[in-house]
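Visitor: Residue numbers for the sequence shown follow the numbering used here, so the first one is 1 and each next one is one higher.
By construction, these hints were calculated from the structure, which means they are not laboratory data.
Check before you lean on any hint, since a few could be wrong.
What the hints assert, rightly or not - Think about it this way: if two alpha-carbon atoms lie no more than 30 Å apart in a straight line, the pair counts; the simulated DSBU-like pairs of lysine-lysine are:
no. : residue 1 : residue 2
1   : K168      : K110
2   : K343      : K271
3   : K110      : K246
4   : K296      : K246
5   : K342      : K265
6   : K157      : K110
7   : K157      : K296
8   : K265      : K235
9   : K143      : K157
10  : K168      : K212
11  : K296      : K235
12  : K296      : K271
13  : K246      : K227
14  : K246      : K271
15  : K235      : K246
16  : K143      : K122
17  : K227      : K271
18  : K110      : K144
19  : K288      : K232
20  : K288      : K157
21  : K265      : K296
22  : K342      : K235
23  : K212      : K246
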Amino acid sequence: MKRAVVATLALAVIASLSACKKHEQQPAHPDDQAPAPAATASNTQDAPKQQAAANTAFDPASLPVSDVPLGDFPYIALPTGYVTSSTPDVADFDQVPFWTGDRLQPVEGKVWSAHIDAAQGKTFSDLELERNIEAVVTALGGKKIFDGRIPEAATQKIKEWPRDVATKYNSGLGDVWNNPAQVFVVHRADRDIWIHLCSYQFGGGLLIAETKPLQVTASLLPASELKTQIDKTGKVALHVNFATDKTDILPDSQPQIAQVVQLLKQDAALKLAVNGYTDGTGDAAHNKTLSEGRAKAVVAALVAQGIDASRLSAAGFGDADPVADNATEQGKSQNRRVELVKKS
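Taking the hints into account, I'd like the entire structure generated from these sequences.
Guide: Shown next as structure tokens:
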């Protein structure tokens, strides 16, 4: 009898343990999960601010307008004991990138670039140079907008910037690939002045650019003049304005395109080769591709206005066959052209 009771109790314990084990292994139901804590008022209020900050890009117009007298470009005198190591690189009109903290901003206008050294008998101090440049910018009414290492992805883009900017203005860019940089902006009513400084143990780069609109010096050639030159020499050069380093024809050149359309409509037998050329700045392969793209853009514009595509061809020759000295801005402007060549 005792054995029967013991057996019965043993079976009951085993059954109980088995039931507990099944209960422990059963997956939790979503409804059984502890609810997530409710968002606090602070979290709810901060979220829009964080989103707005993430979507906010730097805009020079957000800075106070400076009316401090400037003097002559580049507006910044080096502190005592510091000199440019060679003659600064200066361009009347070019495009250079400045890091804003969230993007590379292309700045078009006058450019000044130089490497900074300590004068003879002076020990170079990157901190002293930085503090002096910042003090001058502040006195001009400007602000520091960035201080730190430019991201690697951005410095890579600088290396690949059109017209070989990284080489042309290497003196002013400094060693941004291995050292921090500071960027300042002086916001004026009629322009912005951008300053980039990258200093390190034994020297520094200072790059200054002043925004200004391109002064278009090319003049419109009427259809009658186009015909005269083609009849005389077999070709005529047009100075069509394109977006910087792109194939988009700017609106101010559409009247010139219209004159070519008129020329072709007045002489139905005339066939033209449209040949694109660039100045000597930058990589030759890139220039050839760009010039071809621009020639094709002119052909496309003519076809869009009713000219039969079979009367036209497009080719790009890059910086080949310059008609002026690429050492001057005026010469570069003349070399950036589209030629219309009469086809037999």
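Visitor: Look at each hint and say if it fits the structure.
Guide: Tested hints:
1. For the given pair, K168 sits about 14 Å from K110 by alpha-carbon distance, which is consistent with the 30 Å threshold.
2. For the suggested pair K343 and K271, the alpha carbons sit about 5 Å apart, so the restraint of at most 30 Å is met.
3. Of the pairs offered as hints, the one joining K110 and K246 holds, with about 20 Å between alpha carbons and a cut-off of 30 Å not exceeded.
4. Of the pairs offered as hints, the one joining K296 and K246 holds, with about 12 Å between alpha carbons and a cut-off of 30 Å not exceeded.
5. The hinted pair formed by K342 and K265 meets the criterion: a straight-line CA distance of about 15 Å does not exceed 30 Å.
6. Simply put, K157 and K110 have alpha-carbon atoms about 21 Å apart, close enough for the 30 Å limit, and the pair holds.
7. About 27 Å separates the Cα atoms of K157 and K296, which keeps this hinted pair within 30 Å; it holds.
8. This hinted pair checks out: K265 and K235 have alpha carbons roughly 17 Å apart, not beyond 30 Å.
9. About 25 Å separates the Cα atoms of K143 and K157, which keeps this hinted pair within 30 Å; it holds.
10. Restraint check for K168 and K212: the C-alpha separation of about 20 Å stays at or below 30 Å, so the hint holds.
11. For the hint linking K296 to K235, the alpha-carbon distance of about 17 Å falls within 30 Å, and the restraint holds.
12. Between K296 and K271 the alpha-carbon distance is near 15 Å, which keeps this suggested pair within the 30 Å criterion.
13. As the CA atoms of K246 and K227 are separated by approximately 29 Å, the hinted pair is consistent with the 30 Å bound.
14. Distance hint between K246 and K271 is fulfilled; the C-alpha atoms sit about 26 Å from each other, no more than 30 Å.
15. Using a Cα cut-off of 30 Å, the hinted pair K235 and K246 holds, with the two alpha carbons roughly 24 Å apart.
16. A distance of roughly 29 Å separates the Cα atoms of K143 and K122; the hinted pair therefore holds under the 30 Å criterion.
17. The suggested pairing of K227 with K271 holds, with an alpha-carbon distance near 12 Å, which does not exceed 30 Å.
18. Among the hinted pairs, K110 with K144 is consistent with the structure: their alpha-carbon atoms are about 20 Å apart, no more than 30 Å.
19. With a C-alpha separation of about 28 Å, the suggested pairing of K288 with K232 holds against the 30 Å cut-off.
20. Of the pairs offered as hints, the one joining K288 and K157 holds, with about 21 Å between alpha carbons and a cut-off of 30 Å not exceeded.
21. Restraint check: the Cα-Cα separation between K265 and K296 comes to about 19 Å, which is no more than 30 Å; the hinted pair holds.
22. Only pairs whose Cα atoms come within 30 Å are accepted, and K342 paired with K235 is accepted, the gap being roughly 6 Å.
23. Distance hint between K212 and K246 is fulfilled; the C-alpha atoms sit about 19 Å from each other, no more than 30 Å.
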